[in-house]
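Asker: Listed below are the residues making up each chain.
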Amino acid sequence: DSGVTQTPKHLITATGQRVTLRCSPRSGDLSVYWYQQSLDQGLQFLIQYYNGEERAKGNILERFSAQQFPDLHSELNLSSLELGDSALYFCASSVNRGFDTQYFGPGTRLTVL
Amino acid sequence: AQSVTQPDIHITVSEGASLELRCNYSYGATPYLFWYVQSPGQGLQLLLKYFSGDTLVQGIKGFEAEFKRSQSSFNLRKPSVHWSDAAEYFCAVGALWEYGNKLVFGAGTILRVKS
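So the protein sequences, as listed, match chains A and B.
Note that the working numbering numbers the first sequence so that position 79 is 79, with each residue one more than the last.
Note that the working numbering numbers the second sequence so that position 64 is 64, with each residue one more than the last.
The set of hints was computed from the structure by calculation and includes no laboratory data.
Remember, it's a predicted structure, so these values are computed and weren't measured experimentally.
Some clues are possibly wrong.
[To be verified] Sample of chain B residues at the chain A side, in silico, Cβ under 7 angstroms:
no.	residue
1	Gly28
2	Tyr32
3	Pro40
4	Gly43
5	Leu44
6	Lys49
7	Trp97
8	Glu98
9	Tyr99
10	Gly100
11	Asn101
12	Phe105
13	Lys114
[Said to hold, decoys possible] No more than 30 angstroms apart at the CA atoms, straight line, and that leaves these computed lysine-lysine pairs for DSS-like:
no.	chain 1	residue 1	chain 2	residue 2
14	B	Lys49	A	Lys9
15	B	Lys61	A	Lys9
16	A	Lys9	A	Lys57
17	B	Lys114	B	Lys61
18	B	Lys61	B	Lys49
19	A	Lys57	B	Lys61
20	B	Lys49	B	Lys114
21	B	Lys49	B	Lys68
All residues carry an ideal CB built from backbone N, CA and C; glycine is no exception.
From just these sequences and the hints, can you work out the full model?
Answerer: In structure tokens, the structure reads:
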């Protein structure tokens with residue numbers, strides 16, 4: 001158990017819908033990262049937040065957005081869902097903003113029908 | 001641009017045999033290197049990491065990896081594989097990105113262990 005929690009574990013929804021994935025980092029960690037794992041793209045970095053501020057953005061679609069709250073938990077919002085958004089979404093956390101070990105949560109498996 | 005190559009998509013080894021999973025990276029600065037393992041339906045568990053210092057690093061579950069700057073490699077090894085090691089293994093390089101950082105992952109190597 002890494003100490004990073006993610007809810008829900010599974011999510012099934014329809015195209016065009018909007019969902020919210022939630023992540024709670026390890027106690028003491030200030031950085032939160034989101035990654036997407038799909039069969040065709042592999043593991044891709046989406047976005048990083050540090051202490052409530054966006055720090056780095058990767059291959060995140062405009063239909064996706066994220067935020068980190070004052071209690072340091074983070075939410076990833078996915079809207080206008082398409083079939084291709086079906087994937088495993090991981091949250092990771094680390095202590096610092098810069099290079100540091102990232103600890104991963106168990107992931108949320110999103111299925112878009 | 002940063003990249004990680006894991007040339008072997010699948011590897012099958014016999015239980016008790018030695019294992020080496022290959023990883024090559026491309027990164028302009030001093031690399032921060034990681035190996036993670038993912039069991040079916042599970043998240044990513046950190047096996048080991050290299051930040052600096054001794055180029056041979058020890059990890060959990062009896063794994064070790066050696067950083068070779070001249071070859072841009074960070075291969076993962078285990079002297080004797082157990083059936084429970086069957087999983088997918090990911091090599092990653094930490095890269096500075098905008099005002100933060102990110103992990104760039106290889107495509108993964110699926111390890112099968114035969115008894």
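Asker: Compare the structure with each hint and give your call.
Answerer: Now the hints, each set against the structure:
1. Interface restraint check for Gly28(B): the shortest CB-CB distance to chain A comes to about 14 angstroms, outside 7 angstroms, so the restraint is violated.
2. Taking 7 angstroms as the C-beta cut-off, the interface hint given for Tyr32(B) holds, the closest approach to chain A being about 5 angstroms.
3. A least Cβ separation of about 12 angstroms between Pro40(B) and chain A goes past the 7 angstroms threshold, and the interface hint is therefore violated.
4. Look at Gly43(B): its Cβ gets to within about 4 angstroms of chain A, closer than 7 angstroms, so that hint holds up.
5. The criterion of a C-beta within 7 angstroms of any C-beta in chain A is met by Leu44(B), whose closest approach is roughly 4 angstroms, and the hint holds.
6. Annotation: interface hint on Lys49(B) holds; nearest CB of chain A at approximately 6 angstroms, less than 7 angstroms.
7. Because the closest C-beta pair between Trp97(B) and chain A is about 4 angstroms apart, less than 7 angstroms, the hint holds.
8. The beta carbon of Glu98(B) is positioned within 7 angstroms of a beta carbon in chain A (closest approach about 4 angstroms), and the interface hint is therefore held.
9. Because the closest C-beta pair between Tyr99(B) and chain A is about 5 angstroms apart, less than 7 angstroms, the hint holds.
10. Because the closest C-beta pair between Gly100(B) and chain A is about 3 angstroms apart, less than 7 angstroms, the hint holds.
11. At its closest, the beta carbon of Asn101(B) sits 6 angstroms from a beta carbon of chain A; the interface hint therefore holds under the 7 angstroms criterion.
12. The interface hint given for Phe105(B) is met, as the beta carbon of that residue sits about 4 angstroms from the closest beta carbon of chain A, less than 7 angstroms.
13. Annotation: interface hint on Lys114(B) violated; nearest CB of chain A at approximately 25 angstroms, more than 7 angstroms.
14. Between the alpha carbons of Lys49(B) and Lys9(A) the distance comes to roughly 27 angstroms, so the proposed pair stays at or under 30 angstroms and holds.
15. As the CA atoms of Lys61(B) and Lys9(A) are separated by approximately 26 angstroms, the hinted pair is consistent with the 30 angstroms bound.
16. Proximity of Lys9(A) to Lys57(A) is assessed by CA-CA distance (about 24 angstroms); at most 30 angstroms being required, the pair is judged to hold.
17. A distance of roughly 18 angstroms separates the Cα atoms of Lys114(B) and Lys61(B); the hinted pair therefore holds under the 30 angstroms criterion.
18. Taken as a hint, the Lys61(B) and Lys49(B) pair is honoured in the structure, with Cα atoms around 14 angstroms apart against an allowance of 30 angstroms.
19. Simply put, Lys57(A) and Lys61(B) have alpha-carbon atoms about 33 angstroms apart, too far for the 30 angstroms limit, and the pair is violated.
20. As the CA atoms of Lys49(B) and Lys114(B) are separated by approximately 28 angstroms, the hinted pair is consistent with the 30 angstroms bound.
21. Taking the CA atoms of Lys49(B) and Lys68(B), the gap is near 14 angstroms; set against the 30 angstroms cutoff, the hint holds.
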